[in-house]
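Student: Sequence:
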Amino acid sequence: MRPLIRILVSGAIAATLLAALFVWGDVPLADAVASLSRLPFTVYVLGLGMHFVTYCLRAVRFRVLLPRDERPPFHRVLVVAAAHNLASYVLPAKTGEASFVLYLRLKDGVSTAAGLASLVVARFLDGAALCLGVATVTVLLLATGDYPGLEVLRIPAFVLFAAALSLVALAARADLFVRALGGLLRWCQVHRLRVGQGLLSRSNELARALRGTSESGGLTRAVLWTVPLWFNIVGFFALLVWAMGQGSERVYLETALSASLGSVANLIPTAAGVGTQELGWVTALHRFLGMDYEAALSVSVGAHFVQLFNVALMGIAGHLALGALPRLNYRALSELEDED
2 MRPLIRILVS
12 GAIAATLLAA
22 LFVWGDVPLA
32 DAVASLSRLP
42 FTVYVLGLGM
52 HFVTYCLRAV
62 RFRVLLPRDE
72 RPPFHRVLVV
82 AAAHNLASYV
92 LPAKTGEASF
102 VLYLRLKDGV
112 STAAGLASLV
122 VARFLDGAAL
132 CLGVATVTVL
142 LLATGDYPGL
152 EVLRIPAFVL
162 FAAALSLVAL
172 AARADLFVRA
182 LGGLLRWCQV
192 HRLRVGQGLL
202 SRSNELARAL
212 RGTSESGGLT
222 RAVLWTVPLW
232 FNIVGFFALL
242 VWAMGQGSER
252 VYLETALSAS
262 LGSVANLIPT
272 AAGVGTQELG
282 WVTALHRFLG
292 MDYEAALSVS
302 VGAHFVQLFN
312 VALMGIAGHL
322 ALGALPRLNY
332 RALSELEDED
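The sequence shown lines up with residues 2 to 341 when you count with our numbering.
In case anyone wonders, no lab produced these hints; they're calculated from the structure.
Glycine included, each C-beta is placed from N, C-alpha and C at the ideal position.
Heads up, some of the hints might be wrong.
Claimed, not checked - Derived CB-CB ranges, DEER-like:
| id | residue 1 | residue 2 | range |
| --- | --- | --- | --- |
| 1 | P74 | Y294 | 46 to 56 Å |
| 2 | G291 | N233 | 18 to 28 Å |
| 3 | F53 | T113 | 25 to 35 Å |
| 4 | A181 | R124 | 18 to 28 Å |
| 5 | P74 | L225 | 14 to 24 Å |
| 6 | G150 | G218 | 41 to 51 Å |
| 7 | A144 | R288 | 13 to 23 Å |
| 8 | L103 | D147 | 39 to 49 Å |
| 9 | A144 | D293 | 19 to 29 Å |
| 10 | V252 | Y294 | 14 to 24 Å |
| 11 | G218 | A144 | 33 to 43 Å |
| 12 | V46 | R69 | 33 to 43 Å |
| 13 | A181 | V160 | 18 to 28 Å |
| 14 | N233 | A144 | 17 to 27 Å |
Between the sequences and the hints, there should be enough to build the whole structure, so can you do that?
Tutor: Now the structure itself:
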């Protein structure tokens, strides 16, 4: 009976998040369905498969960043990643990011510090890939001489190369920042208060967990997994752009710039990124690449709705699977075959 209750509770959470997606995110359901209907079924299935591969790559990366003695099997991290992504998209001000740490702790017994360290380092690597991708694509497109609107990004492209290296360095030694923050708190005499002692204790745990991601070799493997992850994400969007009849011989490079700027705009805290993600896409396609404004807007809205439909579909499946999975006993993990 208890598994059924867990599944019902998880289903209720998924339904609430889905409702919030269409209410708080102001996502017109009819427009989302219309965007899907314009895609050939085979193209949508291929895109859904690529989206699933993205989730798998993210799960692998999250997993290698966790300590070996707190590392759940791949399928459990995949379920958490799918459920977390829906919450991250829907809940305002990116508060849904915390669901990753919460789900890992409740279902897989992963400590808060280890889960948070995995999430933080993964996000730093996402930022590095984003900066490096935009810079590289900008340089390649400028070399063709066919995109005069991109001239404004010539100097920022080199700044982004430096930013990518800085983010990788920060991912490698994020513990120094946390330790510096702890030192500041101690200097402020926070440790004299009970709440301050707890805060310092948790900051020390987080610092050790962050340091552990690089010392165990997890960071190197996470960097390597980030490369195919970024290429697959761009490939998913490039497929949609091509299917909407707006592709050119440089559709992959053009989409890489558009999707990257869309991701940057998506950092603005809104539910589901509706409006902000389109802003990034339209800026890239219309302002920098010279596409007609109406066509750029149509492509951006269509691609975003397909993305949101997939996020909702896999997020619901993730929450239902989360309810069906029993809580992992970490003391028994040593008995499992090492999956690395």
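Student: Each hint needs a verdict: does it hold in this structure or not?
Tutor: Comparing the hints with the structure gives:
1. P74 with Y294: 46 to 56 Å: Check passed, 48 Å falls within 46 to 56 Å.
2. G291 with N233: 18 to 28 Å: holds (27 Å)
3. F53 with T113: 25 to 35 Å: holds (28 Å)
4. A181 with R124: 18 to 28 Å: holds (19 Å)
5. P74 with L225: 14 to 24 Å: Cβ of P74 to Cβ of L225: about 21 Å, so the range 14 to 24 Å holds.
6. G150 with G218: 41 to 51 Å: holds (43 Å)
7. A144 with R288: 13 to 23 Å: Holds, since A144 and R288 (Cβ atoms, about 19 Å apart) stay within the stated range.
8. L103 with D147: 39 to 49 Å: holds (48 Å)
9. A144 with D293: 19 to 29 Å: With a Cβ separation near 24 Å, A144 and D293 satisfy 19 to 29 Å, so the hint holds.
10. V252 with Y294: 14 to 24 Å: Given a distance of about 19 Å, which is inside 14 to 24 Å, the answer is holds.
11. G218 with A144: 33 to 43 Å: This hint holds: roughly 36 Å between Cβ atoms.
12. V46 with R69: 33 to 43 Å: holds (37 Å)
13. A181 with V160: 18 to 28 Å: holds (25 Å)
14. N233 with A144: 17 to 27 Å: Roughly 25 Å apart at Cβ, these two residues keep to the hinted range, so it holds.
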